[in-house]
Amino acid sequence: MAGLHKSDFQNPVINWIDSRLPVFTMIQKEYGVFPTPRNFNYFWNFGALAMVNLVIMIATGIFLAMNYTPHATMAFDSVERIMRDVNFGWLLRYAHANGASMFFIVVYIHIARGLYYGSYKTPRELLWMLGVVIFLLMMAIAFMGYVLPWGQMSYWAATVITNLFSAFPLVGEHIVTWLWGGFSVDNATLNRFFSLHYLLPFVLVGVVFLHVAALHITGSNNPLGIDVKGPQDTLPFHPYYTIKDSVGICVYLIVFAVLVFFAPNFLGHADNYIPANPLVTPAHIVPDWYFLPFYAILRSVPDKLGGVLLMFGSIFVLFVLPWLDTSPVRSARFRPVYRVLFWVLVFTVVVLGIAAGKPAEGIWVVVSRIGTAYYFLHFLVILPILGKFERPLPLPESISRAVLGVMGGGGPLPGGAAAKPTMEKA
Amino acid sequence: MNFLRNATAAALLALAVPATALAAEAEIKFPAQNWSFSGPFGTIDRASAQRGFQVYSEVCAACHSVKQAYYRDLKGLGLEPKEIEAIAAAVMIPVIGDDGQPTERAGLPSDRFRSPWPNEKAARAAYNGAYPPDLSVITKARAGGADQLYALLIGYNQAPAEMKMGDGMYYNSYYSGHQIAMPAPLNDGQVAYADGTRASVEQMARDVTTFLSYIAEPETEVRKRLGVKVVLFLIFMTGVTYAAKRKVWADVH
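Protein chains in written order, with this note's numbering: chain A, 1 to 426; chain B, 427 to 679.
Hints listed in this document are in silico derivations from the structure and should not be mistaken for laboratory results. Some hints could be false.
Claimed, not checked - Output of the computed footprint for chain A on chain B, the stretches with three or more beta carbons under 8 Å from beta carbons of chain A:
| no. | segment |
| --- | --- |
| 1 | 562-573 |
| 2 | 582-595 |
| 3 | 656-670 |
Unchecked claim - Simulated pairs of lysine-lysine, DSS-like, Cα-Cα distance not exceeding 27 Å:
| no. | chain 1 | residue 1 | chain 2 | residue 2 |
| --- | --- | --- | --- | --- |
| 4 | B | Lys-671 | A | Lys-229 |
| 5 | A | Lys-29 | A | Lys-304 |
| 6 | B | Lys-655 | A | Lys-29 |
To be verified - One-sided and incomplete, this derived list gives chain A residues near chain B with beta-carbon spacing under 10 Å:
| no. | residue |
| --- | --- |
| 7 | Val-52 |
| 8 | Glu-80 |
| 9 | Trp-90 |
Glycine included, every Cβ here is placed at the ideal spot set by N, Cα and C.
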């Protein structure tokens, strides 16, 4: 069906464009009047923060790539040249390196928010799974980016991580040779990692687009975890959430700036300022902090293949989480047992991260094993069973009554009919 | 707000991870020194760094390169352009001449610091297989930073009687494994400071550490000055944005 789009915009130029390509209508619909639950807390900032962070990473990365040389004998020196000779090169590099850490901080909080408020439950399963794909892509991109400065940790992290694939029987060794492009981590490896480190972020942008598109079909979850019942439960995205997200972005930028300007190497590893040397192995090969919990799971198993499978498994359980959690209630506010178990899980992951930073010996091996076991226990055993036995608190009737009602907050409403936990399926 | 408090605690715990990871690595504790350049407002002590440049040139440069640094970087130590030109011109830089043969020319401020060795193999051949590391980013390349470098330089001692030292190795209290191939580089009065400062081992170690901390990142002071402005601006912006948010939301609550 041909014909112009009926545009409501008064400005003749915008109207002309919008009639032929309704981008303004789309933006108005998805980011202007888009109905958004009125009861978001500041934890709903972190999606927007991740988006801002992604833009910062791509912008700084493009300019870094203009000045970086992906060659085994020149990469380290070219990074130092960026630090010393390129105008504001130090700012580009420190913003990019610390931006990776900030990205993981933001995304970990974003994921934790999803876990706490049950944002992965129906109808948002696919939205959640796309998020897990984004997380996996981020890990791959961060790992390959860490290799590019070609320092000692770059080199040895690349060696350790690519060698994981050798654990697979029969084809393992061939996969590793294929990944390396040779028989050791060398120039060919560095070249392909650079190529992929530049490519995959744009793939990430594509998946982020799908993540946002899926979000705009189901609409956002909210701290009460109950469905939007009508216009009284929502506010237009603009100006209410554009301004609320802006507050979050300012605070986020303060944290980011303090890291970049005053402690740019705090989250890094000193050994990466030593040029890569295949003949000298560092005393402790430690991944960047954001991989530590997964590194602990990998190391907790004495068998190499078992460790690799568990590490991948620890992410895979997130994919199927929507079907592992059998409780119909989304928000942990109304799940007295899950609310406690959520914090036990957060504690477990933090302890796993600490254990991975220690040498794999003595008490830390035991700690890693208990932590790993509990991680899987939480997702594979506790969550499926808990949904059947937990007695959730009564849910409020609607978002607007809970927010504007006499009691405020998320408590049950005075005089309101006792809500059944399954009502949100309506 | 229970969630917020718990989340903050978890975030702080998470931030502590890399710090503990590093602590596990450095079994040797390096005494914390008071450096003029530490902290968000710290600046390089110019006089000390200039003396440190003298120590580097007269002592360290016999074996160690700082190949990432340029002579023009000395501007940051407070040297005048004329002085820098003279320092560079006193160094002969190996180049390929117009006839295609290796030759030398006088250095320029835009030249990098000349390395004491033509290549790594030459250094290893001269030093029993050991390679004196490049010092361009040495304070950033050690977990203990400037404190570690200073401790190493003053850390030479008599080996304990029960310790068996390797051939051509020296005992150092602050070196991992306590056996280092570098002989004690500094001795009292080794250099004659123009400003009359007494050249004790501690003084020279402090000065050269200051110089190498500067050379590791000549843009540090620019970074910190810009950082103060950026953070102040962002705090202001946060206030304005929060006020705007309150106003926008006033009719909803």
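Quick rundown of the hints versus the structure:
1. 562-573: Held - the segment 562-573 of chain B has 7 residues with a Cβ nearer than 8 Å to chain A, which meets the minimum of three.
2. 582-595: With 0 residues closer than 8 Å to chain A, the segment 582-595 of chain B misses the three-residue bar; violated.
3. 656-670: Holds, because 9 residues of the segment 656-670 of chain B bring their Cβ atoms closer than 8 Å to Cβ atoms of chain A.
4. Lys-671/B to Lys-229/A: 26 Å, holds
5. Lys-29/A to Lys-304/A: 51 Å, violated
6. Lys-655/B to Lys-29/A: 38 Å, violated
7. Val-52: This hint is violated: Val-52/A lies away from chain B, its Cβ roughly 13 Å from the closest one there, beyond 10 Å.
8. Glu-80: 5 Å, holds
9. Trp-90: Result: holds, 5 Å to nearest chain B Cβ.
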